[in-house]
Amino acid sequence: MPNSELRTSQFVINLPEKCQSIESAQLTITDVNMAIAANYQGATLVDDTTAQTVLTVPVGYYDFRFEATVTTLDGNTYRVRAVSNRKTIESDATISLNAYALQKQDRDFVIAEVFFAGTLTPEGKQYNGDKYFVIVNTADSVLYADGLILMESKFKNSSKYILTPDIMSSAFAVDALYRIPGSGKQVPVEPGQALLIVDIAIDHRSANPNSFDLSSADFEWYDESTSPNVTDVDNPAVPNLEKIFCYTATIWVPHNQGATTFALGRLPEGMTDNEYLSNYEYRYKYINVTSAGTYQMSGSCYRFPNAWIIDAANMCPHSVQQWTAIHESIDAGWAYVSELGSDKSRYSLSVRRKNELVRDTMRLQDTNNSTEDFLHAQVANPFYFRP
Amino acid sequence: MIISLLLILTTLLTDTTHTEAFVGGGYGASTYALEGKQYGGFTIAARSVYDISAKHRVFGEASYSWNQSKDNRFVENADYELLYPYLTCDTVGGGLKSEHYAFRGGYRMLTEHVLWHLALQFRAEQSYREVDPRPKNKVTDLSLDGSVGYVDGGYAYSLVAGVGRYKQTNEIKFYSELGESMIYHLVQPGADYVRFAGKQKEAYYHGYHVGGSLQVLPKAAGWMASAGYEFTAVTKELHDNTYIPIGRLRTHDISALLGYYTAHWHATLSGGVMLRRGTQYIYGSAENNYYHLLSKRANYAENRFYLSLDGLYVMVLPFGQLVWHPTLTGVAGLTAEGGPTASGSPQGSLKWGDRSAVTRFSELGDLLTDSHVAARLGIRYQFPLRGKFGWFIEPSADYTHYTKTTRHTWQVALITGLYF
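Chains as they are written, first to last, in my numbering: chain A, 1 to 387; chain B, 1001 to 1420.
The calculated EDC-like cross-link candidates involving lysine to aspartate or glutamate, where the alpha carbons are at most 20 Å apart (straight line), are:
hint : chain 1 : residue 1 : chain 2 : residue 2
1    : A       : Lys18     : A       : Asp74
2    : B       : Lys1138   : B       : Asp1090
3    : B       : Lys1296   : A       : Glu5
4    : A       : Lys344    : B       : Asp1132
5    : A       : Lys285    : B       : Glu1287
6    : B       : Lys1173   : A       : Glu339
7    : A       : Lys87     : B       : Glu1287
8    : B       : Lys1167   : B       : Glu1202
9    : A       : Lys125    : B       : Glu1177
10   : B       : Lys1136   : B       : Glu1202
11   : B       : Lys1173   : B       : Asp1090
12   : A       : Lys125    : B       : Asp1132
13   : A       : Lys354    : A       : Asp108
14   : A       : Lys344    : B       : Glu1177
15   : B       : Lys1296   : A       : Glu90
16   : A       : Lys344    : B       : Glu1130
17   : B       : Lys1199   : A       : Glu339
Covered stretches of chain B, as calculated for chain A (at least 3 residues, CB under 8 Å):
hint : region
18   : 1178–1185
19   : 1188–1198
20   : 1234–1247
21   : 1273–1287
22   : 1294–1307
What the hints contain is simulated information worked out from the structure, not anything from laboratory work. We put the CB at the ideal spot given by N, CA and C, even for glycine.
One chain only, chain B, in its complex shape:
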């Protein structure tokens, strides 16, 4: 979140009026069970920056994408990386189809010494399957971000803040007249809330995120730096009949970035730590459909460190330009707390024993908390057509390797479009 805001501000300062529209498609394969064995889809998008004057700028972008995956396992949610460990799972799985809609629009004002912007961003997604078990996930994610900065010489010093609201409905239906399979609700990376297994097929996630950062950005070329913090809280409720919150996730994301920017190349090194903390809601007797809340107990803690190196180089050719855009990312997770004893132990020699539920999702727990390294290379070729109009094509390739489970994913994609 912080890093994407930084790039937005960079664009606010350095871009000039332009518009581009493109279509693209991708295909990939994976041995990482949560992504599916194969996946592919297409995207249609447009984005525009328009300078009303040197002082006033509006910008916006919109996109639609459709994706399909095959043989996903375990997780029946959208946004599983955000929501884990409070995921809805089963042992059947299957392919998923998904549609994504995104919109962002905003205004920026730049005077001799003041830079500020305000932007609204909305993302909607639905993912579903057309055979049992049939999850239907609907995501809405609305964000508002703004900044105010002081411009002095070649640099702007900005304070950025953002706030957002997140919702996901997660419903699983079975059409077979013969019956259903079990649905589980994870409360730790490798363990489900056994009491709510099976019967509860509808869940609702709701939460918010708020964050801010301090940024130093060049107007044309120079160093850029940022340090930021973002807090996210999401609660999962089951609501087949009554609303039963079962878990609340809080993440603290502390990040920093250092880089150098010119019109023809840039390089950034960014990194941070995400502290993920979970609270399980402990229930007593359920009478008259009402579950009596006994306690809220910390049951999950994980620290994830990430480091990313991003570069861009514009090569001017006799005919057009070639833009190289490589990225290398590493994510390492340290699970500090969790597992079957997290519910607490009675005194002395009395220890909670193992349970079958741990075994059932232990592989999923390993996958969710695995460290990984990812590499991406995009090469964009831009060719001027007539006047300000031009055509571009950008092939890209992504590869991710998960170190503990030795799984991997890869994807190739191609987008092409017009710019003016």
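Next up, chain A with everything else stripped away, as it sits in the complex:
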């Protein structure tokens, strides 16, 4: 490779708080095109909030991941990580990475398991309706889940678009919002306990022995379909989520190949659904390049401010990820059940957050990086977190 292909890159790592030293620093550079990685050891502290590493790397397209142990001015020592994915190095440049503490301080509800792929019948046919989400209270105290909104992104993590206006740094573009009903104190969840939210809360095993009995779910989402050919099933014994908005006039089916982002959030206290829907519409434009030509496109959905988001998990088949549909400060990675969206092997597989039992309490890993935080392609078990 000619030297003209090498570029000097200055990596500036913004530390989460003032530090007096940095040790065991490692910068991992992964060539996205060829999926090969290189590690560089060491970083220098420029000032008490900034570390720096300077490297020459070939022109290319990279993921960067920085980890180090820092000691704060008041003597605390902990690991920090900074991730920046899908970055182009074309010329000499300064690349800024924001580091965060690996031990998350503020705990809340997190998305613990997502099952979006569905199952197969013994005859080998796709079976839908048994998709589910599990959310877990990771705080040390009781949290109330009523008012919690489950959202799906408008955009897929497998297709990157330059949107105008670009709102990603301040808000999440969503296309489906369903809320756990209640006044705010009606759905208590003990520390480490889980809620199971399903599509159709019935015993699916009678229709498909390869599926689950979801009749004991905590909630289901139910849609009044406008099409008699596509209707939902309601189990009156299981409370339904409140639908704030969904892109479809029929029934919400989370992306079957797992290419969207799911998030949990809450509307500010006192804000009604109508106020939200009236004031937070997102109209956007983008360019779509195809072999037939280049087209100006437009669309609309809703924007959910990042500040209202509690947790998010990007999903994307491993081989086709292009960006994250939510700002990377909320989730810098992505979880997957297959290499390819249409992979035959994806059925009955889910993504499950890494977890461990600490003094009889389930502790879940949450570093805002779903690639790191989730176990990928796990055999789906809706009762793993909620026996």
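Chain A is fixed; fit chain B onto it per the hints.
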């Protein structure tokens, strides 16, 4: 290419008016994964040389063949030997059916001191599979060649030139409603372009070849010699949505031949070196379906040396003729560059590590770059029937041994037809 042109010119000088039509079939087996475990097929062909006068000659040939193979692995392209390493691959494989159409026609003029010819050649091929994954490859290869030479005494001294255009569409479909398997695009003999794995199932190859040679040929009997050069360039583009060129192969084929020709026997020794050079297209971010091209980087270089000994002997029998036609070929490859570090390394101690993709196709890389020796023997029996009409039958056998991977292929074939 150069050698086949040489034989064409030899035919131009020494043949007389004749026509032959034949049918044939073959069967073979292989432990070389790219060819399939078993294969067979049939061919229908006709060729003719017609002297309008001593000065003017037209010639032509046409053929159709149908082949089927079983349990091919890795490669989902037609013409993989031409296109590698920029191949479309998977880990499922399966048998392939293929149809080949070929046509060649031309004109030659020979005066006391001038020989020239012009010929057009066209080859079309489609190969496909009827179960998932279902590749459908369509090849068109159009060539024009011509020569001009000076004839002095018993020899002609010719300058031959040829130019051609090559295209292949390579599409893979899945009919299963349950999903698909991964499709990979090789950019080095043992490694695929990981970023484009899976999603891109349509590829388009296009390129051209141009070459020339200097040849000395006997009019009736004598020494023959040739030295030539041919350049081929082929670009692979992915086009599921937008056109994304991912690699460009350039080959430089330098060859030479020396032999002796008579009406009843000939022997030739030919050899050469093929310099294969590849360039990978490096992409940055993909936005709005547009992949931003960052760089074109040399990522593959291989030198392949080949040597071939070819003979023919016509044995006149009380009833008919027996034509012995043995060939022995050796091909040795030297990979000078390639592997996981070819994308370039950052400075100092920072080295690219291994990747799983290397392991996935390392066996394929070994197969594609393996040296091999091949032997062929064809024995043709010609029997005159009435007047200028005659019948012939030609059994043949081929065997190839791959030295590093210790794989082999063999094939037996039989053709029979009429000549007049």
